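*Asks:* Residues per chain, in single letters:
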Amino acid sequence: MIDPCIDSFNFQDRRYLFNSCVNTITALTQVENDNKFTKEALKELSDSCFEAYKYRLEDNSHLMMSAGKQEYDLIHEELINNILPYNPLSYSFSITADPSLHFFVRFSNNNISLFIETFLDLEDGHDTYIQMLKSNHPILEKNCFFDDAIIDVRNFLERELSDKPRFHGLFKLMPECQPSLLG
Amino acid sequence: MPTIPTRLIANEAKVQLIETNKCGNCYLFRRTDLRQIYTPGGEIGADVWSSKDIFGMSLNIYPCNSNELKIECYKDDVNIVLVEKDYTKFISNEQLYHFNIDEIEVQKKDTLIIFMSIKDLLEIEGTYPFKAGTLNEENYNYRIGVYYDPLVLNVFHFLVEVISDETGEWKTINRKTKKNYQRSLATKIRAKLLNGKKVKYLILSS
Chain A
1 MIDPCIDSFN FQDRRYLFNS CVNTITALTQ VENDNKFTKE ALKELSDSCF EAYKYRLEDN
61 SHLMMSAGKQ EYDLIHEELI NNILPYNPLS YSFSITADPS LHFFVRFSNN NISLFIETFL
121 DLEDGHDTYI QMLKSNHPIL EKNCFFDDAI IDVRNFLERE LSDKPRFHGL FKLMPECQPS
181 LLG
Chain B
1001 MPTIPTRLIA NEAKVQLIET NKCGNCYLFR RTDLRQIYTP GGEIGADVWS SKDIFGMSLN
1061 IYPCNSNELK IECYKDDVNI VLVEKDYTKF ISNEQLYHFN IDEIEVQKKD TLIIFMSIKD
1121 LLEIEGTYPF KAGTLNEENY NYRIGVYYDP LVLNVFHFLV EVISDETGEW KTINRKTKKN
1181 YQRSLATKIR AKLLNGKKVK YLILSS
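For the record, the sequence lines run as chains A and B.
Counting with this note's numbering, you get residues 1 to 183 for the letters of the first sequence.
Counting with this note's numbering, you get residues 1001 to 1206 for the letters of the second sequence.
Keep in mind that the hints are not guaranteed to be accurate.
What the hints assert, rightly or not - Taking lysine-lysine and the DSSO-like style, the derived pairs with C-alpha atoms no more than 30 Å apart in a straight line are:
{"id": "1", "chain 1": "A", "residue 1": "Lys134", "chain 2": "B", "residue 2": "Lys1052"}
{"id": "2", "chain 1": "A", "residue 1": "Lys36", "chain 2": "B", "residue 2": "Lys1197"}
{"id": "3", "chain 1": "A", "residue 1": "Lys142", "chain 2": "B", "residue 2": "Lys1198"}
{"id": "4", "chain 1": "B", "residue 1": "Lys1089", "chain 2": "B", "residue 2": "Lys1171"}
{"id": "5", "chain 1": "B", "residue 1": "Lys1052", "chain 2": "A", "residue 2": "Lys54"}
{"id": "6", "chain 1": "A", "residue 1": "Lys54", "chain 2": "B", "residue 2": "Lys1198"}
{"id": "7", "chain 1": "A", "residue 1": "Lys43", "chain 2": "B", "residue 2": "Lys1197"}
{"id": "8", "chain 1": "B", "residue 1": "Lys1200", "chain 2": "A", "residue 2": "Lys43"}
Said to hold, decoys possible - Now the stretches of chain A that chain B is said to cover, found in silico as 3 or more residues with beta-carbon under 8 Å:
{"id": "9", "segment": "47 to 56"}
{"id": "10", "segment": "100 to 106"}
{"id": "11", "segment": "125 to 133"}
In case anyone wonders, no lab produced these hints; they're calculated from the structure.
These numbers were taken from a predicted model, which means no experiment stands behind them.
Yeah, the Cβ is synthetic: ideal placement off N, Cα and C, and Gly gets one too.
Please take these sequences and the hints and turn them into a complete structure.
*Replies:* If you want it as structure tokens, here you go:
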């Protein structure tokens, strides 16, 4: 059945859906047959979001636009590489007038969501805040540089969502056996 | 130019009715200045407020049992704005004699509206660091306060404030004071609202 609210259109070689009833624009993305995001699809979606919100940086200054784009490029590549193995359900990016960059990722397993905000500060250096929720309860909250934050995110996702068997205590040095026990 | 609908004008009876019937599952509505609510990724955009907006946010209540209360209000009443701003707080019916109600002009905006439940707002609380990264770093507590703040020309007006115990007692954080920690506090609150999907978009039927 055709939805009277939805209209599709092309813009800059990409296809979008406009829902006039709820005033939303959704980018159509490439997904694999099993409905998982591909890396290219996530990148395309991320760039669509950046295009939709970059005016917030442009309204601030040319310098801020340049700094914001640079930071966005650094973060979204690294973030996508880290979330891709865990089957993200949705991915979103937006920019506030503050100005700060906001990344949202939701995962299908365990009701886990990830929020990353990087406040752009040209004088004192950018500041990143991460928050992860599991079933709407905070399980990780931290203020730090993005490079440190992404390590925590990676470790957390691996612990919560990885199918790999878990290892316990193997990273510590094991005590050596006594020679008599070795026969 | 249309004049202000009488349903928005405060009087003692209406104020008493809203005061005694406001409850956690009532929704608070806020107009935005957004071009679009959702990002292409399908989430509500974080630009739904700037950090400053979070400290002292004006909203309108939509009483959840409005049919039983027989109080006339509409979800998009928040889009009715005065041509000449007037934020006179309502105290008593006596004030009404000083307003030429029939001549107060309004505009009906066509802006996008978001809403949240009072309960979801009141559940937001936590800690934040003061003088972070220094030897004097301390953690203070914060929570959200929701206050009925009737105005003569908007009986449904509510204020949402951020309250902290940094002075030793619970006090409202003033949006006009510019302190670095306020931004990180605003970030935490915004994350809790958006990450937890507490903010919703009002779809108006045409």
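*Asks:* If a hint holds in the structure, say so; if it doesn't, say that too.
*Replies:* These are the hints, each one checked on the structure:
1. For the proposed pair lysine 134 of chain A and lysine 1052 of chain B, the alpha carbon gap of about 28 Å is at most 30 Å, so the pair holds.
2. Our distance criterion of 30 Å between C-alpha atoms is met by lysine 36 of chain A and lysine 1197 of chain B, whose separation comes to about 23 Å.
3. Annotation: proposed proximity of lysine 142 of chain A to lysine 1198 of chain B holds, straight-line Cα distance about 21 Å (limit 30 Å).
4. Restraint check for lysine 1089 of chain B and lysine 1171 of chain B: satisfied, since their Cα atoms lie roughly 21 Å apart, inside the 30 Å limit.
5. At roughly 20 Å between alpha-carbon atoms, lysine 1052 of chain B and lysine 54 of chain A fall within 30 Å of each other, so this suggested pair holds.
6. Proximity of lysine 54 of chain A to lysine 1198 of chain B is assessed by CA-CA distance (about 25 Å); at most 30 Å being required, the pair is judged to hold.
7. A C-alpha spacing of about 24 Å is found between lysine 43 of chain A and lysine 1197 of chain B, which places the hinted pair at or below 30 Å, so the restraint holds.
8. Annotation: proposed proximity of lysine 1200 of chain B to lysine 43 of chain A holds, straight-line Cα distance about 27 Å (limit 30 Å).
9. Taking a C-beta to C-beta cut-off of 8 Å, the segment 47 to 56 of chain A contributes 5 residues in contact with chain B, enough for the three needed, and the coverage statement holds.
10. Coverage of the segment 100 to 106 of chain A by chain B holds in this model, with 3 residues showing a Cβ closer than 8 Å to a Cβ of that chain against a need of three.
11. A count of 4 residues in the segment 125 to 133 of chain A with a Cβ less than 8 Å from any Cβ of chain B is obtained; the coverage claim is therefore met, three being the minimum.
In summary, the structure agrees with every hint in the numbered list given earlier.
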